[in-house]
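A.B. asks: We have chain A; now place chain B onto it with these hints.
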Amino acid sequence: MTTDTNASLSARNINFSFGRKPVLDNVEINVPNGKFVALLGQNGAGKTTLFSIITGLYAAHGGEISIGGFDLRKNTQRALGSIGVVFQRPTLDRDLTVRQNLRYFCNLHGISAADAHKRIDIALAGYGLSDLHKRKVTQLSGGQQRRVELARATLHDPRFLLLDEPTVGLDHANRMEFVSNVKALCKERSLGVLWATHLMDEVEDADYVYILHHGKILFEGGSEDLLETHGKNSIAELYSHLTSKQADAKIL
Amino acid sequence: MNINHAASCFRGILARESLRFLNQRARFFAALVRPLVWLFIFAAGFRSVLGVSIIPPYQTYVLYEEYITPGLLGMIMLFNGMQSSLSMVYDREMGSMRLLLVSPLPRWFLLLSKLLAGVGVALLQVYVFLLIAWFWEVRPPVAGYFMVIPALILSGLMLGALGLMLSSFVTQLENFAGVMNFVIFPMFFASSALYPLWRVRDSSEMLYWIANLNPFTHAVEFVRFALYLEFNWQAGLITLLCTLFFLAVAIWGYDPLRGFLPRKGGAAA
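So the sequences go chain by chain: A and B. Just so it is clear: in the first sequence, position 234 is 234 by our numbering, and no numbers are missing. Take any residue in the second sequence, note its place counting from 1, add 252, and you have its number in our numbering.
Bound conformation, chain A alone:
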C-alpha cells in the first residue's frame, strides 16, 4: 500500500531498539480512512512497541509518523488528539464508575462539560451500556469493560483507532461482538482502524493485512490478494505458512 499523508495513519521507516537489541526495523504502515487494517504478529514481534511509538509513549529512533494528517513529532498534540486507543491491558480506573471514567477522558481531551454529557450518553446507548453508567468498573464483566473502553476511545471523534490485542481475555462470543462493533465504527465514521492481534479469526475479512515478524514487515497486502497469491484458504493458514517459511529460511 502506498503511503498517503492524508491517511488516518502513515508510518514510514520506523526504527527502534532497546539498547543494542533492534525491535523495529524500517517498518512502514499505512491506514487509509474507513479501512480496517490488521497487524498480525506473534508475541514479541514488536506490535506493542510500534503502538507505543504511534501513541508517543516512545520516540522512534528514525522515521516519520503522521496521524490524521498531523506529524507526530512536529505537531504532537494535534496528532495525539486524532487517535483513539484501546490498549492491550484495561486502562479504566477501577475505583471510579463508568460515567466518571468517561468524564475523566473528556476532561483530558478538553471537551466541555455539557458536550461531554451528551457524548457520553450517546456512546453509552450505542454500546448498550446506559444501565451500567453508575456502576463501578469492578462490577463489570470483562466484555462490558472492553465495550466501555471502546466507547471511551471514540468520545473525542478521532480519525484513527488503534487497538492493541483488545480482545485478550474475552470469550469467543464477546470477542466477535467486539470485532463487529469496531468494524461498524470503521464504516459509519470512515475511521481508519489498525488492529493488532495474533488471533486470526478476528481479521479474516480485513481490508488490508500487515504481518510483522521479528520487528520487520514480512508481508503485506489485501487479504484476498494475499490468499490468492499464496494459494491459501484463510488468513490463519497464510500466516502460519509465511512465518514458518521465514523460520525455515533462517535455519538454512
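Quick caveat, the hints were computed from the structure, so don't treat them as lab data. A few of these clues could be false.
[Stated by the list, open to error] Cβ-Cβ distance ranges computed for the label pairs, FRET-style:
#1 A:A125 to B:A258: 36 to 42 Å
#2 B:N275 to A:K232: 49 to 55 Å
#3 B:P438 to A:D115: 45 to 51 Å
#4 A:K74 to B:L459: 51 to 57 Å
#5 B:F281 to A:G62: 49 to 55 Å
#6 A:D201 to B:R286: 50 to 56 Å
#7 B:G347 to A:G34: 27 to 33 Å
#8 B:A258 to A:S180: 35 to 41 Å
[Said to hold, decoys possible] So these bits of chain B aren't anywhere near chain A, every CB distance computed over 10 Å:
#9 L351
#10 V394
#11 R453
#12 N466
#13 G488
Owing to the predicted nature of the structure, the values given are computational and were not obtained by experimental measurement. Heads up, the beta-carbon is just placed ideally off N, CA and C, and yes, glycines get one too.
C.D. replies: Relative to chain A, chain B alone:
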C-alpha cells in the same frame, strides 16, 4: 497549549484524584492516624525530656507538641507525595498512566497536574489534622492557617516531584516500595521535624550537616515559619530550587526518548 483545554484537563485529574480519595476512606484515616499518634503519644511522652528553648519563629517557650506540629504537617505531605508516586508506578503497571500520557497536552503539564492534584488531596488531610491539633491546644495564629497554604503547596510539590522522579527510574512496584523505605524514614528523622537543629548539633556535628542538606528540613522550616506568620527566605528558596530540580529530572525520566515503560525484561514487544 490551549488554556481552556489545559484547565479542563487539570479539573479532570483533580476530580479523579479526589474521587479516588473519597472512595478509599481507609486511606484517608490511615494517613491521619500516623501524625496523630506522633502528636498524642510521642509528643506527650517526650514533652518533659525534649524541652525547646525560644527559637525563631517562636516568640516564647512552646510545648513540644507545638514544635513538632509543622514537622507532622511535613510528614503528611511526605507520605502523601510518596503515596501519590507509588500510585503512579501502580498506574503505570496497570495501564491507566498510558491513558494520561497519550492525552493531547504537553507531558510536563500532565505530570505537573497530577502532582498538584496529589497536593490538593494532601492539603485536605493537613487541615483536618490541624483542626484536631487545635483541640489538643496546638493553636498557631489564625492568619497562620492561611499564610501556610503557599508553603504547604510548594513543599508538597517538592516531595511529590521527588517521588515522581524516583518512580520514573524504578521499574517495578515492589522495588518502589523498598525505595520508599530508604527515602521516607531517613528524610523524616534526619531533619528538623522532631528536634531543632541546634539540639542535633549538640549530639552530632555530622548529623547536623546531613539534616542541613536534607531538603525535607527546609520544607518543614518553610512551613513552620509561615504557620507563625514569618517568611523564611532561605528555606523557601531551597525548597523552590529542589522542586524545580526534582521536577526537571522527573520530566526527563518520563521523556518518550527514554520510554516510560520498564525496559529490563519488561519491554512489551
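A.B. asks: Are the hints correct? Go through all of them and say.
C.D. replies: Verification of the hints:
no.: 1; hint: A:A125 to B:A258: 36 to 42 Å; in the structure: violated (30 Å)
no.: 2; hint: B:N275 to A:K232: 49 to 55 Å; in the structure: holds (52 Å)
no.: 3; hint: B:P438 to A:D115: 45 to 51 Å; in the structure: holds (49 Å)
no.: 4; hint: A:K74 to B:L459: 51 to 57 Å; in the structure: holds (53 Å)
no.: 5; hint: B:F281 to A:G62: 49 to 55 Å; in the structure: holds (52 Å)
no.: 6; hint: A:D201 to B:R286: 50 to 56 Å; in the structure: holds (54 Å)
no.: 7; hint: B:G347 to A:G34: 27 to 33 Å; in the structure: holds (29 Å)
no.: 8; hint: B:A258 to A:S180: 35 to 41 Å; in the structure: holds (38 Å)
no.: 9; hint: L351; in the structure: violated (5 Å)
no.: 10; hint: V394; in the structure: holds (36 Å)
no.: 11; hint: R453; in the structure: holds (46 Å)
no.: 12; hint: N466; in the structure: holds (34 Å)
no.: 13; hint: G488; in the structure: holds (32 Å)
Of the numbered hints listed earlier, those contradicted by the structure are 1, 9.
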